[in-house]
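Colleague: Residue numbers (this note's numbering), protein chains in the order written: chain A, 3 to 364; chain B, 3 to 364.
Keep in mind that the hints were calculated from the coordinates and are not lab data. Hints should not be assumed to be uniformly reliable.
[Stated by the list, open to error] Think about it this way: if two alpha-carbon atoms lie no more than 25 Å apart in a straight line, the pair counts; the simulated DMTMM-like pairs of lysine to aspartate or glutamate are:
| no. | chain 1 | residue 1 | chain 2 | residue 2 |
| --- | --- | --- | --- | --- |
| 1 | B | 46 | A | 312 |
| 2 | A | 46 | B | 317 |
| 3 | B | 314 | A | 312 |
Since the structure is predicted, the reported quantities are computational estimates derived from the model, not experimental observations.
There are 2 protein chains.
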Amino acid sequence: MNRAHNFNPGPAALPLEVLQKVQSELLDFAGTGMSILEVSHRSKDYEAVHNAAQSLMRELLGIPENYHILFLGGGASLQFSMVPMNLLGPGVSADYVITGAWSQKAFKEAKLVGNPRVAATTEEDGKFTRIPKQEELQLDPQARYVHITSNNTIFGTQWHTFPNTGNVPIVADMSSDFLWRPFDIKPFGLIYGGAQKNLGPAGVTVVIIRDDLLALCREDIPIILRFKTHAKDNSLYNTPPVFAIYIVKLVLEWIKEKGGLAWMEQENRAKAARIYGVIDSYPEFYRAPVAKDSRSFMNAVFRLPSEELENKFLEGAKAHRFVGLKGHRSVGGIRVSMYNYVPKSSVEELARYMEEFARAHA
Amino acid sequence: MNRAHNFNPGPAALPLEVLQKVQSELLDFAGTGMSILEVSHRSKDYEAVHNAAQSLMRELLGIPENYHILFLGGGASLQFSMVPMNLLGPGVSADYVITGAWSQKAFKEAKLVGNPRVAATTEEDGKFTRIPKQEELQLDPQARYVHITSNNTIFGTQWHTFPNTGNVPIVADMSSDFLWRPFDIKPFGLIYGGAQKNLGPAGVTVVIIRDDLLALCREDIPIILRFKTHAKDNSLYNTPPVFAIYIVKLVLEWIKEKGGLAWMEQENRAKAARIYGVIDSYPEFYRAPVAKDSRSFMNAVFRLPSEELENKFLEGAKAHRFVGLKGHRSVGGIRVSMYNYVPKSSVEELARYMEEFARAHA
Ligand SMILES: Cc1ncc(COP(=O)(O)O)c(C=O)c1O
Ligand SMILES: Cc1ncc(COP(=O)(O)O)c(C=O)c1O
Chain A
3 MNRAHNFNPG PAALPLEVLQ KVQSELLDFA GTGMSILEVS HRSKDYEAVH
53 NAAQSLMREL LGIPENYHIL FLGGGASLQF SMVPMNLLGP GVSADYVITG
103 AWSQKAFKEA KLVGNPRVAA TTEEDGKFTR IPKQEELQLD PQARYVHITS
153 NNTIFGTQWH TFPNTGNVPI VADMSSDFLW RPFDIKPFGL IYGGAQKNLG
203 PAGVTVVIIR DDLLALCRED IPIILRFKTH AKDNSLYNTP PVFAIYIVKL
253 VLEWIKEKGG LAWMEQENRA KAARIYGVID SYPEFYRAPV AKDSRSFMNA
303 VFRLPSEELE NKFLEGAKAH RFVGLKGHRS VGGIRVSMYN YVPKSSVEEL
353 ARYMEEFARA HA
Chain B
3 MNRAHNFNPG PAALPLEVLQ KVQSELLDFA GTGMSILEVS HRSKDYEAVH
53 NAAQSLMREL LGIPENYHIL FLGGGASLQF SMVPMNLLGP GVSADYVITG
103 AWSQKAFKEA KLVGNPRVAA TTEEDGKFTR IPKQEELQLD PQARYVHITS
153 NNTIFGTQWH TFPNTGNVPI VADMSSDFLW RPFDIKPFGL IYGGAQKNLG
203 PAGVTVVIIR DDLLALCRED IPIILRFKTH AKDNSLYNTP PVFAIYIVKL
253 VLEWIKEKGG LAWMEQENRA KAARIYGVID SYPEFYRAPV AKDSRSFMNA
303 VFRLPSEELE NKFLEGAKAH RFVGLKGHRS VGGIRVSMYN YVPKSSVEEL
353 ARYMEEFARA HA
């Protein structure tokens, strides 16, 4: 098998061992004589998967019992709406920190259902190249929550230290860096993320919500859009995306076997260090627009001296089976997405290609 | 491989040939060197799948160009809300025909966002055993739509002839009988259905919406909940449930190869005739509560003379690897779900078991 080097911004690479396991048991799941694609979501065999996915996540991230872990459909974009629908209302405000296109979308949806505020934005000439400093945040101590995007997939920036929001809980879209390393969950009231970058395949979104915030959730919105509905029924109010949750469980098992999130962080730091190392070794050739202290460990964004060279770079990448390197159309250039399950060996091969390319064309 | 006979009410059986194809290409999709679980939803290879799923569905059902086919996440239950959120509003009403628990849920969600009416209900003593007759429907000619549940999964009833609603478009939840046979789509303004019974795995919901109804959809609701958003971006506004859509495409190909929906209907009629044949041959033993002209071709519901015998029936079923026969808790007894991809041979084996069981215990 000739596996591609998958640098897709999402959906993204999964561990080969997980794919092999899925393949080997695809026709007969847990001796049921049925595929995991055919089992009832009300069966004991599936419930074991569902609960194991939750408890593995709880264990790996050290999530205390006062947080519920939900598995929902509809994508992270549905959470842009569900969060304010559940938590805002007359006389209730929330603070949004705008660090890129995804925060902008989240804010736009919040405005449609409530009265959110912008607590800070790092937009300059339509671009976002950094994370705001603590002192730039104009926080409302009465806000129900402060919304941040922990990693900005398109612009390649990432919060390295989460903001201090006092008593106001943080709500974070962690779609593109969930599980990249251990972190202290206590300041967070709610975390959400589409699985398709750092956790599993497209089709399931994880929502982690703290009891006190759940208690404040509205009960006059559609039943299916209430966090309370899904928390009460352990994400089995209606048919969950069974297969995607099954893969999430296998991925979490894989992380645990490898050494947990401490190991994961080490791997991710090594991969990012290699790519940014090449960029910094050829500062005239590879121009990274992002402020150094805001660089994303997941998505490295850079430009070459000309669009012609960028196209040549992407053209040459094909021969190496590097996939997904073209930058987002709003930014241009190159984006290297090196999520959790992109092997170090793929990153190494890309780094060498970058070095050779710079030497040949500088 | 010892395959179970899968009579699950959903998620349900899939064609073995489809599962084998999924298995064979799980590590390398279309020569990409990536799993279908890892490919970008913006890639050409995935778009070919997405578009093929749509055009196969269009071809099999004869769906004209003035209907959009959408693939959404969140389950059919999300459509209970999305439909009225998009289509109702001040001064706009809709008629709901209540034929079971799923119509009740749809109506409940509609009441939370608008002012729907009940056009008819067949509830008697908390049970639903029939589909209403045309003359029982109290239709409002000003209604924006008439909502029906085409097949009542729990109570085992099904609309054999769709109601005449004049100029008012029908909106149908076809979650449990979509694709069971060809039908004339013209009276329908919108059709929705979770894939996990008659179309594919859990994780994707199909919505088919006609241009004129789409034009009436609201634009002051959350962006992600607008049908217009998904129609405009061909269900690629955000990351769709890639894998589930891929399976839907394979299932549709399988139906086409087998002989299309005319063949599918023949198979389904033969399976239902076999099961109801046994029931009618032992009328003292198998008591079917449903009116004969309302019997579902998908879910046959019946009771035995005592709960003790029902338990014995279910116990004995295990040795034959019959799965999913227990009736819904609100109805009790036995439910045989014989959706599209339950093989005739499974139904034949179950029918023989029913005959033997009746003879042994009558
Ligand atoms: C940070 C972030 N949030 C949200 C989304 C949207 O996720 P989805 O496509 O699941 O709606 C993305 C997708 O790339 C993302 O990167
Ligand atoms: C007729 C009908 N409608 C809706 C649903 C709910 O579907 P979901 O679980 O995808 O929300 C079901 C599930 O069994 C059903 O049978």
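Colleague: In ascending order, which of the hints set out earlier in this document are inconsistent with the structure?
Modeller: 3
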